[in-house]
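Protein sequences appear in the order of chains A and B.
First residue of the first sequence: 1, per the numbering used here; consecutive thereafter.
First residue of the second sequence: 202, per the numbering used here; consecutive thereafter.
FYI, nobody ran anything at the bench for these hints, they're computed from the structure.
Certain hints may be false.
To be verified - Dumping the calculated BS3-like pairs for lysine-lysine here, alpha-carbon to alpha-carbon at most 27 Å:
no.	chain 1	residue 1	chain 2	residue 2
1	A	K168	B	K320
2	B	K370	A	K25
3	A	K25	B	K306
4	A	K121	A	K142
5	B	K204	B	K371
6	A	K24	B	K306
Listed below are the residues making up each chain.
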Amino acid sequence: MTTTEEKPAIDIDDVDLEFIEIIKKTGGPNIHNCYQCGTCSGSCPAGALTNFLVRNTIRKALLGLKEEVISSPDLWYCTTCYACTDRCPQDVKPTDVIKAIRNIAVAEGYMLGSHQKVAAKVVEAAHAVPLDKESWQNLRVKVGLEPVPPNASGNPWAVDEIRKITKKSGFEKLIGYREFVKAQKEKAKKKAEEKKAQKKE
Amino acid sequence: MAKKRPAFYHFLGCVTPHRYPSVERATNLVFEDLDMDLLDMVGATCCPAPGVFGSFDRVTWASIAARNLTIAEQGGHPITTGCNGCFASLFDSNYELKHDEELRKAVNENLAEIGREFKGSIEVTHYVDALFDTAGLSKIRKHVTHPLKGVRMALHPGCHWLRPSAIKKKDNSERPHIFRELCETSGATYVPYKDELICCGAGGAVRTADLEVSLRFTKQKFESIIAAGGADMIVTPCPFCLLQLDLGQVEISKLFGVDFNFDILHVSELLALAFGHSPNEFGLATHLQYLQRKSQPNWGRLGIET
Ligand code: SF4
Ligand code: SF4
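Next up, chain A with everything else stripped away, as it sits in the complex (with noise of 0.2 Å):
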């Protein structure tokens, strides 16, 4: 059986009501309304896959568990399918609450290594899945396409207009950008060196 001993009540001294404010400020004014009825999680197809619980997350944020909502890796396994908020008979819109919750995460500086990569590859080639390599012009020449398309992979001017936007917006910033590309950089560094390394071996 489970006993309190094991299951350490909420503290609720470590409240951030602050959290709700900022959350309904993007994610929608009616979360307030959840009555914890399940819907949501009963809808939702990363909570039967992971141990990602929608209503838990919504209720954590009501009783203002800031950290322990941001924090949470789980938090980055709803894919935003937005059945829960189909069915939600309170309109709480759980699916933009997650959003707006991952917003702050990413603020407070809860941000995965492979969003970090991609994020920087739309500052950096304005495509997070760009044409990258010669075989996918190639793919679109056999196909009987041009070999680069109109959008901003042939177009560098579309790019800097993008790094201005990020630039701005704050976004570089946020995700790290520079220190990311120095990284990066250093990175491909040590590994040609390596090789070289290798070679004379």
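With chain A's structure known, arrange chain B with the ligands on it following the hints.
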């Protein structure tokens, strides 16, 4: 007076032009057959990916999306896109910017840096809308010269074309029929299965965060199709779902040791075949699962003579 040809700004996104160009080519063929013009959006960027960017920073997400919208606003035609993710970013940001003054102000401050302004003067459509609403099923049926008779077709409509239904306002998201009716014009036989409406697993930055977890969704979907008696192909209106279902089979073999053998078609490719275009004309065999497995589509099962 001759009726004016409908024209759309064609938003390509990333996955279609950079990984699955056969979808782009098939779309060009189908829209041309249906007398609809697709206009280039020169300098368009990533939509940007709604689950990824929307999860990181909403204002930056909306600003990059709005920049794409301004390209179409300058020419005054609606946008069409064949990707559920691009559709989500462009449609949702267009909607949110029209309804959220504060967001619009913040976005326009960012756009001012590059001499652009979001005006809110155009609409965003998905290929499914352009095909179903603008071309219409009766016109599409007239072009079906090579019906895929007897081919068992499972559907993966994906999420963001349909949901959240409060703002998408298209179809009943519990019992959708529009995508099915569109695909049925091809003459293939619709195979219902229990998990038809669940996500492919790629969205919301999950594929990037944890490939294995994202593939569990995909595997569940495939198993559900097999439990329903199996299908000869799966049709989707999204290249990111296509990537997850197509390349995902190769990844599932590696990670779970389970082999699936489904041909995955984008709805544009399905219609191109039904309209009598040969699979080589748009490069169906260039899907990444075939390139990686050094295999070919199951031509016989698709009813295609080679
Ligand atoms: S479905 Fe809505 S009301 Fe019910 S638990 Fe989920 S968020 Fe709360
Ligand atoms: S949007 Fe996220 S939380 Fe809601 S049902 Fe889908 S995966 Fe679950």
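To see whether the hints hold, each was checked on the structure:
Taken as a hint, the K168(A) and K320(B) pair is honoured in the structure, with Cα atoms around 20 Å apart against an allowance of 27 Å. About 24 Å separates the Cα atoms of K370(B) and K25(A), which keeps this hinted pair within 27 Å; it holds. Between K25(A) and K306(B), the direct Cα distance comes to roughly 15 Å. Compliance with the 27 Å bound is thereby established for this hinted pair. For the hint linking K121(A) to K142(A), the alpha-carbon distance of about 26 Å falls within 27 Å, and the restraint holds.
Of the pairs offered as hints, the one joining K204(B) and K371(B) holds, with about 26 Å between alpha carbons and a cut-off of 27 Å not exceeded. With a C-alpha separation of about 18 Å, the suggested pairing of K24(A) with K306(B) holds against the 27 Å cut-off.
The structure agrees with every numbered hint stated previously.
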